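Asks: As a plain string of letters, each chain reads:
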Amino acid sequence: LLITASIPDVFAGRPFWQVALAAHLAADENWAILLGRRAAGRAAGYRFFVGAGIVQFVVWLGATTLGATLAEAIPDPKRLGMDFAFTAAFIAIALTLFRGRGDIAPWATSVGVVLLCVATGWLAAPWALVIGGVTGAAVAGVFGRD
Amino acid sequence: LVVIEGVSPSRWLSSPWVPLGALALITFSLRLSGALLGRRVPTQGAWARATRALPGSLIVALVAVSLASAGVREWVAALVSALVAMASRSLPLTMAVSIAAIWALRRFT
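Residue numbers (my numbering), protein chains in the order written: chain A, 10 to 155; chain B, 157 to 265.
In short, the hints are calculated from the structure, not lab data. Note that the structure is predicted; figures quoted are calculated from it, not measured. There could be a bad hint or two in this list.
[As the list claims (entries may be wrong)] Straight line, CA to CA, 20 Å or less: simulated SDA-like cross-link-like pairs of lysine to any residue:
no.	chain 1	residue 1	chain 2	residue 2
1	A	87	B	227
2	A	87	B	255
3	A	87	B	230
4	A	87	A	72
5	A	87	B	259
6	A	87	A	106
7	A	87	B	226
Please work from the sequences and hints to get the whole structure.
Replies: Okay, structure coming up:
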């Protein structure tokens, strides 16, 4: 919900079936590369989002099938550090999204809320993620300047 | 449970396709409602600022979640990732160096 709500311009002026198609293909990764491309100063809209979504869908199916077939040949993904690839990718993407000093307070709020939620065991990780993201955006909305 | 085979709802309800279908429906409705909701957000003011800040906030929250229950090694590797990302601005390179860093940290420390 938050991913699709955060990119209203991608859906603006599109007929319902196109919105539904893009919503169906929406995922962390095509969202992130869309934002990354924009941060690099290049245009990226509906076509980019849907195109990346289709590529991701095909690659995901192919790669998971391959992974399931070859799983026994790989000793232990965690020992090879493969589990960390995801975190590293999102750190890199976060840095490309940084727009300046105005982002410091919202981002610090997000991180603080997440760490507090997880450390106190008050909320499970997926909920901590949602609450952290929303409070960060709320800080930008209430205290930020245009 | 004594039921008449073929008529009982317990038979089709126990099919794995029922939870799968329900989850697919919920996921799709959430994504679609986000798209419809986003179209109604004004283009100026506090709501617009919050919407524009949402992608960044979500991504740092995502990173925080994956590091929150991790150890010191992961935090050190995350610092390496950030430095490489800032210096190189390259996603594949950052991922490769980070995997090498976490592997080395887990192997030798």
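Asks: Of the numbered hints stated earlier in the document, which are not met by this structure?
Replies: 6
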